[in-house]
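2 protein chains.
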Amino acid sequence: MHIPPVHIEYPDWVESLVDWERGYASDEERMRLAIDLSRENVVRGTGGPFGAAIFESDTGKLVAVGMNSVVRLNNCTLHGEMVAFMMAQSRLGCFSLRSDDGPAHELVTSCEPCAMCLGATLWSGVRRVVCGAHRDDARRLDFDEGPVFPESHQYLEARGIRIVHGVLRAEANEVLELYRARKGTIYNG
Amino acid sequence: MHIPPVHIEYPDWVESLVDWERGYASDEERMRLAIDLSRENVVRGTGGPFGAAIFESDTGKLVAVGMNSVVRLNNCTLHGEMVAFMMAQSRLGCFSLRSDDGPAHELVTSCEPCAMCLGATLWSGVRRVVCGAHRDDARRLDFDEGPVFPESHQYLEARGIRIVHGVLRAEANEVLELYRARKGTIYNG
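Top to bottom, those sequences are chains H and W. Note that the numbering used here has the first sequence beginning at 62, numbered continuously upward. Note that the numbering used here has the second sequence beginning at 62, numbered continuously upward.
Bound conformation, chain H alone (with noise of 0.2 Å):
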């Protein structure tokens, strides 16, 4: 049987929208990247409006983006955050971004986890997550989060992993409401 092998690929427009050699020095400023990486995935049609970045913690050191990517690559995985973890991973060649002597890594998320990408958070070896939009935010849109409950968070942050929720909610609320706007694919209905 011939199943066309999975390829993963960031979209054209990449290249010319980040800046990998720069320092992310704040919340903020990591934070600013994943909304803009979602706002032109929104603008230039290749996906959702979610994006979201990996960074060395202390450095803020830009090691992979991700941005919605379901359907443009028929995938109902490829959220941003996973996009981004998957990208990460490839890029050290490693399945887990956690290693006792090397940088502590955080993602950085334009909307919270839903139920798959907040498990894969666990799995990926990321010590810490910033949030931008809330979860409602995402349901006034009708997309579904999945099963993801207080004691979800609870469970990661008893791992040691810290979740910071807000950073420029307002901002990244706006990208969700020009998708809306747009009448962009509800995938997750």
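These are calculated hints, taken from the structure and not from any lab test. No false leads were slipped in.
The list cannot tell twin chains apart, which means a pair is met if one copy fits it or any two copies do.
Below, simulated SDA-like cross-link-like pairs (lysine to any residue); rule was C-alpha separation at most 25 Å, straight line:
#, residue 1, residue 2
1, K122, I64
2, K244, R220
3, K122, S157
4, K122, W74
5, K244, R201
6, K122, V67
7, K244, C155
8, K244, H195
9, K244, G154
10, K244, D162
11, K122, S87
12, K122, P65
13, K244, D161
14, K122, E82
15, K244, V132
16, K122, H63
17, K122, H226
18, K122, M62
Since the structure of chain H is provided, determine the placement of chain W on it from the hints.
Quick look at chain W alone, frame taken from chain H:
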């Protein structure tokens, strides 16, 4: 920034193990394939002790298989269920396995899905999930299953996804024990 694109392909042994043409009539027949995949993955040294498959529910037609590929492909998201979803969607050329006029699909997995895979189950479009080993069986090997609660399964059931537990659990568990005896990597420690 050049990040190597992510390629997801089956290990070589899949074509010799899997009969793509026969119909898989019962839950047990379908589960036996998932368990065979999990065992072969261990014996061949290509990943963790977890296998999965996607079938058309009514006809028993096999659409795609999956096997844990986290270590082989340096990608924390590639649990057996995730590979099965991605490959099924690649084969069908669609980001959902649910359509108004097409056949209903189901996931058969050798072990209960972790938090990530349970979230992806919701997005995948399958209408039924058949599980072999219990999550406690996996936890005995120190595999963490993440934030999955009774409410998580109820959340999926409320959205029309039926979940069946414990089909050939003892056989599925034998593969977990085989992995433990071989001192396989516990990548979600």
